[in-house]
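Student: If you read the sequences in order, they're chains A and B.
So for the first sequence, my numbering puts the first residue at 1; every next one is plus one.
So for the second sequence, my numbering puts the first residue at 289; every next one is plus one.
One should not assume that every hint holds.
Distance condition first, Cα-Cα at most 27 Å in a straight line; then the derived DSSO-like pairs of lysine-lysine [said to hold, decoys possible]:
| id | chain 1 | residue 1 | chain 2 | residue 2 |
| --- | --- | --- | --- | --- |
| 1 | B | 408 | A | 64 |
| 2 | A | 121 | B | 386 |
| 3 | A | 249 | A | 185 |
| 4 | A | 64 | A | 214 |
| 5 | B | 386 | A | 48 |
| 6 | B | 386 | A | 98 |
Read the hints as simulated data drawn from the structure, not as lab findings.
Bear in mind that the values here come from a model prediction, so they are computed numbers and not experimental data.
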Amino acid sequence: MASGKEIRTQIASIKNTQKITRAMEMVAASKMRKAQERMAATRPYATKINNVIQHLAFAHPEYKHVYLQDRAETKRVGYIVVSSDRGLCGGLNNNLFKTALKDIKTKIDGGLEVDVCTIGKKATSFFGRLPVNLTGQAVQLGDAPRPHELIGAVKVMLDAYEEGTIDSLYLVYNEFVNTMTQDNKIMQLLPAAPEAPSEEMSHHWDYIYEPDAKDVLDHLLVRYIESLVYQGVVENIACEQASRMVAMKSASDNAGDLIDDLQLVYNKARQASITQEISEIVAGAAAV
Amino acid sequence: MAMTIHVDIVSADTSIYSGLVEAVFASAIMGEVGIYPRHTPMLTRLKPGEVRVLVDGKEEQFYVSGGILEVQPSIITILADTAVRADDLDEASALEAKADAERSLKDSGAKLDYAEAQAKLAEAMAQLRSIERMRKGNTH
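Using the sequences and the hints given, assemble the complete structure.
Tutor: See below:
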């Protein structure tokens with residue numbers, strides 16, 4: 001059995017670890033709240049742009065933008081995979097990669113080729129090791145990414161789609177359900193399918209366009225895809241913080257359990273040595 | 289009381305302004321526009337520049353780096369970009385994202401080098417320490 005001093009140092013070191021995990025838990029909790037606020041702040045833009053596109057797409061059925069057209073056959077698919085930059089957030093990234101790989105595998109088994117664009121360090125290092133075609137990446141976005149930091153990575157995929165290199169595009173990210181639950185989600189970005197406009201939208205009225213409807217629609221669709229990706233990234237950050245908070249909480253709890261167990265062992269060892277000392281003294285006294 | 293109309297100025301990451309105004313002025317792609325209540329529905333692209341709203345006879349200014357202006361009978365919406373966008377700038381960032389990906393693919397080798405370098409550094413430091421200890425031992 002370990003001696004008293006050894007156990008004491010072990011307890012001290014676990015206590016230090018517990019302090020760190022507890023601090024990380026609290027930091028993650030406050031960052032999660034901010035990330036959730038940011039998530040809410042992205043919503044108005046996405047809703048508005050979606051409304052405008054719906055209206056435009058249905059007011060001008062004769063003009064079909066390339067993003068809205070279904071391709072006759074699909075040969076190559078693109079994926080944008082969103083992950084965190086940092087680890088220590090439970091199984092969040094690995095679960096997402098597993099879901100993504102499963103989907104990618106069914107595509108490859110179906111005779112399709114796959115392009116991947118990664119957002120976040122973890123995805124880059126994961127997909128960098130795999131035999132997939134990595135076409136673009138965006139890393140080190142921090143806790144509050146700006147939309148324009150993603151332009152490059154998204155444009156790589158949009159260009160590939162316009163050139164016909166890829167025939168559909170998916171976004172893989174974590175959806176924030178609540179603090180305890182994050183869902184892996186695979187969303188189809190291209191070809192985009194705006195929902196049918198609601199009753200009030202379907203009245204016969206139209207905008208005055210400057211310079212013209214086509215130009216505005218082209219412009220809007222790029223912004224629309226970008227805003228979807230941006231939303232995915234922001235949502236993923238909220239998931240990351242929530243997941244880290246939960247992981248660090250269970251780490252702190254486990255450290256607490258470990259400390260309790262060790263304390264018990266330590267007390268027993270101490271009691272045993274005292275008992276032994278007393279019996280030795282008594283035996284010594286009896287001998288005299 | 290002048291007639292008012294609701295205005296929302298939103299960008300992808302935040303809501304910039306929301307409220308009732310008497311008029312909106314913005315620099316559209318085909319020239320400056322001023323929108324008063326009961327304007328006909330309109331959709332136009334914006335140039336980088338300022339957007340001014342008239343509230344109670346006073347003007348408030350915002351800067352937008354481009355975007356879309358949408359006028360509906362009951363609401364005006366400005367979807368602002370968060371950064372100045374130009375095709376060649378977008379192209380540059382796309383190229384950067386590609387180059388980054390290629391670099392990180394090659395980097396798996398570089399990472400090994402880093403680990404190796406770290407190991408060598410540790411070794412050299414250990415050697416230095418032992419030399420120092422030896423020297424101290426000699427002088428005493």
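Student: Each hint needs a verdict: does it hold in this structure or not?
Tutor: Comparing the hints with the structure gives:
1. B/408 x A/64: Outside the cut-off at roughly 61 Å; violated.
2. A/121 x B/386: Status holds; Cα separation ~15 Å.
3. A/249 x A/185: 25 Å, holds
4. A/64 x A/214: 9 Å, holds
5. B/386 x A/48: Outside the cut-off at roughly 31 Å; violated.
6. B/386 x A/98: 24 Å, holds
Figure legend: structure checked against the earlier numbered hints; hints not met, in rising order: 1 and 5.
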